[in-house]
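Chemist: Protein chains in written order, with the working numbering: chain A, 221 to 487; chain B, 133 to 294; chain C, 3 to 776.
Source of the hints: derived by calculation from the structure; they are not laboratory data.
Note that the structure is a prediction, hence the values are computed from the model and not measured.
Built from N, CA and C at the ideal position, the CB exists for glycine as well.
Treat the hints with caution; some may be incorrect.
Stated by the list, open to error - Stretch-level coverage of chain C by chain A, calculated; a stretch enters the list once three of its residues show a Cβ under 8 Å from a Cβ in chain A: (1) 637 to 643; (2) 700 to 709; (3) 761 to 769.
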Amino acid sequence: MKPAVFQYRKAETTREALEALGTNPGAKVLAGGQSLVPLMNFRLSRPDVLVDINGIEELTLVEKLDQTLAIGALVRHSTLSQHPLIEREVPVLAEAARHIGHWAIRNRGTIGGSAVHADPAAELPAALVALRASVVVGAPRGERTMPADEFFLGYYTTALAQDELVMRFEIPLPARRMGFSEVVRRPGDFALVGAYVEDSDAEAAVTWFGLGAMPERQVVEAWPKGQDERQALLERLAREVQSDDEYKYAMAVNVAERAYLAAQKEG
Amino acid sequence: MAAVEDRISIQLQVNGRQHQVEVAPRWTLADVLRHQIGLTGTHIGCEQGVCGACTVLLDGEPVRSCLMFAVQAQGHHVTTVEGVTPETGLSPLQESFRDHHALQCGYCTPGMLLTAQALLDRNPTADEGAVREALTGNLCRCTGYQFIVDAVLAARDQGRDE
Amino acid sequence: MAQAMRPQMMGARVSRVEDPRLLSGQARFLDDIQVPGMLEVAFVRSPHAAARIRGIHTEKAVQYPGVHAVLTHQECSVLLWERDTYKVGQPVLANGEVCYVGQPVVAIVAENRYVAEDAAELVVVEYEPVTPVLDMRESILEQPRRVHPEAENVFFHKKYATPGFDEAFAKAPHHLTASFRTNRQTAVSMEPRGTAAMVDAASGRVTVYASTQSPHRMREDISHLMEIPEHLVRVIVPEVGGGFGMKANCYPEDIVVVAAALKYKKPVKWVSDRMESLETDVHARDDIHDVEVAFDGDGKIIAIRDHLMADGGAYPAYPFSGAVGETSLASRVLTGPYDIPHLATEIHCTYSNKTPLGAYRGVWGPIASFIQEGVVDRVARHLGLDSAEVRRRNMIRPGQFPYRNAAGMVYDEGSYLQSMEEALTLIGYEGFRARQAKLREEGRYLGIGISVFVEPTAMASSEAGSVGYESCTIRIEPSGKVTAALGLGPSGQGHETTMAQIIADQLGVRFEDIVILHGDTDSAPFGGGTGGSRSGPIGGGAALVAGRQMRERLVKYAASLLEAGEEDIELGNGQAWVAGVPDRSIAIRTIAETAYTNVRKIPEGLPIGLELTARYLPKRPVTFSNGTHIAEVEVDIHTGVVEVTRYAVVNDCGTLINPTIVEGQIHGGVAQGIGSAILEALHYDEDGQLVTTSLLDYLLPESTDVPRIDVRHLETPSEGEGGIKGMGEGSLIAAPAAIVNAISDALTPFDGMVDTLPVTPPMVLQMVSGGRTR
Ligand SMILES: Cc1cc2nc3c(=O)[nH]c(=O)nc-3n(C[C@H](O)[C@H](O)[C@H](O)COP(=O)(O)OP(=O)(O)OC[C@H]3O[C@@H](n4cnc5c(N)ncnc54)[C@H](O)[C@@H]3O)c2cc1C
Ligand code: FES
Ligand code: FES
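Excised from the complex, chain A in its bound form (with noise of 0.2 Å):
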């Protein structure tokens, strides 16, 4: 289980990994390395050339501005789970990246993977479309935004080019205040089913991972106060949602019951 050969480049700044990618058909991105590393020792993904992105600064950045939380692609699991102004302005954020794989794991990998990578059941993609984040992408010919719920496109895949580089994600503040649940059969593992639940004056929504092929947000006018109703509501949200085994289905009105609850808690 060994990769096959390519070639490799650091890039100082992006504009180097924009030029790296853009000459090279064959070059991806390599940031945490946390899922394509293992895709390259089974041989699975076999990139030419290697841009690493690890040494540029200003994709490591977690700033406020006016009214979004700005946060670098290369900002890493453990960074999210315990940085200050994350914790305060979208705690829900560094709740779900506590809970990404384990610990080593934690500290390569990198919000700009996750997203990027694109696994069903991976907890940040999801974050991202509950939050109704934007992503930022820089190319060659410039930079262009498109709200997450774009940027999903379905299993494993987005709507990146091959020559770009996601530089961002920026969160609109006020952050939607919501609540988190998973089921794992051990913890560190992807998710069996997650949800994301808003129950915020603004808006009620349910916002699932490992149970469709994308994250999908799902707005309702209001959750019903009896478990009941509310249950019976999430699972026909849930059953509009395509997915391969009935057995989810269950798990997903569970979780996102759980995710209410813990939404009320929120406040």
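We have chain A already, so just place chains B and C with the ligands on it with the hints.
Modeler: Here is chains B and C with the ligands on its own, set in the frame of chain A:
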């Protein structure tokens, strides 16, 4: 026919010592530590990030050396099990592992030690829950974990007393 | 001073001598072996469950830079098993057909593993897929076809019944039927398999480094299969990172590596990666049991009928088939610790297009316990009786030993009932029911599961070797230090420590002055190796006998040199002295000096030097350890996720050599039992593709999956040397049954009873919803 790939010369800082090694870009840090630098205490159990046998510290943080290429470790401090072992004898954590029978075949042990050491360095008051949580990323097939957890907790208490 | 009590090392909680090197990263495992010019192997493996090979094209691979050689069946045509035993033997490199995914087809020998894998991708094999045989019940009926045209799918068939079975069964007032299924699992040692071979320039012999449990067995196998005289083969077993039965086989890769080293006169190494390990390490536990049980109104079980089926995979593993091991032995301990007079069994072992079945810790035991304990709980539930009480009513009584069970196995003395009673106290069985009832009202589902087990250990013919004995050579060096060697193949059990403990007591030398050698066929006397829980009772027995014989020699020396009677000599702390006269003493070092250099002073009738080899064959063909595990679980009925919350073990493995090491073995076995019960399964899809090829799919227990385990010891000595019984497997034998019974107990309100291992969350949900609609 020419060689398959070019080798590049890199500097690695491992356990406080500089090493100049010729590597292919695709060689993982685990392989280079083991086969180029001769530090075979770092073990390989899955090459997929799951088992934790290859755990080393990168600037003091536990990482998987099977999921990093050696070229990426330039400019960082790598610590392996050999680096946490005193010149003579064992470290307090290693002693505690021995006292508590926290190892059987010993294959997972270097990774366990490094994760546990990093935990205690950060959180000298870690309780059993925190210890177990930190070690979820290090699989052991032999011990059932109880004696490992006991060893870490005892090392913690010893550290407190000092 | 010399009179001081001899330190009793046997039974002491001694820290292991193995640990410092393992803790400091200085131990040498197989992949740590590097010699100049060493080449590495990668295999091209079958991507099909079943296919004919129409052509193999290796030209591109041969030309790839860094490649030394490419081997196919033409270059290496060794067959595992001659055709006599099972009519079928696996060619070490596929010959015209492939029969399971992962089967080795071509071997690439290259300058390193990276290059070897590059070249492996360049090999083109033309396959013509055929319908795979994947279902055990169909395979018995030769459907959809024969796996091997020359052999029936059923390669092992056996029937047995106690006299009068049918009548006893029919006359019983109550009957139940159940079908039990265990799904494929495998050992997953953290260190994968591996082999390295090189020709020793000085002697011309081949040296094979092998990550195996049985050095001598491996040497025999290599010698026999490759027709190299034994004395020209040396096997060295380095540090082994776990074996659990899986490393007791000789595998195709072992032979190919040796063949390549001989053919190309280069050191050659192959180390399995994790995908290869999940695909090609022997699998285990692929069994179905169709069970009928007859019992009376008090819950006394009268008769059990069992149709045992096991899917042996594509070929019999070498040198023993796991399917035969699992079924034939399960059929003989199926009544467990219970006095059940009647038994009828029928066994079918079949071929399929899956990985060969071999051994995994406990082999037959976890399956037999799952069934026997599942049967008892079903009887209890059927009659509305407490399951501990039904066990009590059926348990073999202390006065019944030696007890001959319905299959003819003779159990030596054990503490069956006592172990259960103590375990019930340990877990607080009485208080549990109230807690369970209260929490159920809050919607929380707790359950408790009992598993009383018997563990046949030290079988005269264990899976680890055909020999029933073990040997130990002791040499007291001229300095008085001791070197002892055994043919064992430890993989974490701490034999360097336990064997030294035994010998220290016998010789009266300090523990620190003994070094134990193992794993090198040049230094270790012949023996069966480690497996089947035999190293303690048989290996330890050999150490004890050798120690005693050496002690006798030391006593003769001391008596002669101190001019005293032999009966008056005492040994301890590196000294020999006359009892009651501590001044009349002599250092063992001085005796050794005499034995080697001052040879004129050697007492009459004694040989020069202090070296001897003893062999020990236990009188009984098997000794039974026993004990009781009780698990408490909480089942989340909304998600189906099970958490093992509390765990108690009362274990009886006879006289303890080192209680700490025994506890470590128990903890590890329970953890594996948790994996077996709720996490681990190898899945094949409908095309015969193994879909669980990584540790993200094959789930091992993590630190948070295993609760604290409360262990108590009982010691009912065996009749063998030292009173030692084996104990390597018991914890994994007992644990899955305890856990699934606890799950069944938790799901009592839904009528559910677990009949499949492992229990997955969807299964739990199905049991919950199935019960609800009923
Ligand atoms: C044992 C284990 C357990 C795990 N458990 C979980 C879990 O429970 N939940 C979970 O969500 N994840 C889990 N992960 C995955 C982990 O979160 C990864 O870190 C993450 O999926 C990818 O992030 P990365 O930075 O490592 O990306 P990489 O592996 O470096 O890259 C992933 C992909 O994204 C591309 N990419 C990365 N960054 C950019 C960028 N800025 N612009 C453009 N393309 C980019 C790469 O080219 C590649 O295609 C686990 C991983 C392991 C090994
Ligand atoms: S070898 Fe790196 S995590 Fe298993
Ligand atoms: S001690 Fe063997 S894997 Fe942990």
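Chemist: Take the hints in turn and mark each one as holding or not.
Modeler: We went through each hint and held it up to the structure:
Given as covered by chain A, the region 637 to 643 of chain C passes the check, having 4 residues with a CB less than 8 Å from a CB of that chain where 3 are the minimum. Only residues whose C-beta sits within less than 8 Å of a C-beta in chain A count toward coverage, and the region 700 to 709 of chain C has 5 of them, enough to reach three; the restraint holds. Check on the region 761 to 769 of chain C: 3 of its residues sit with their Cβ under 8 Å from a Cβ of chain A, so the three-residue criterion for coverage holds.
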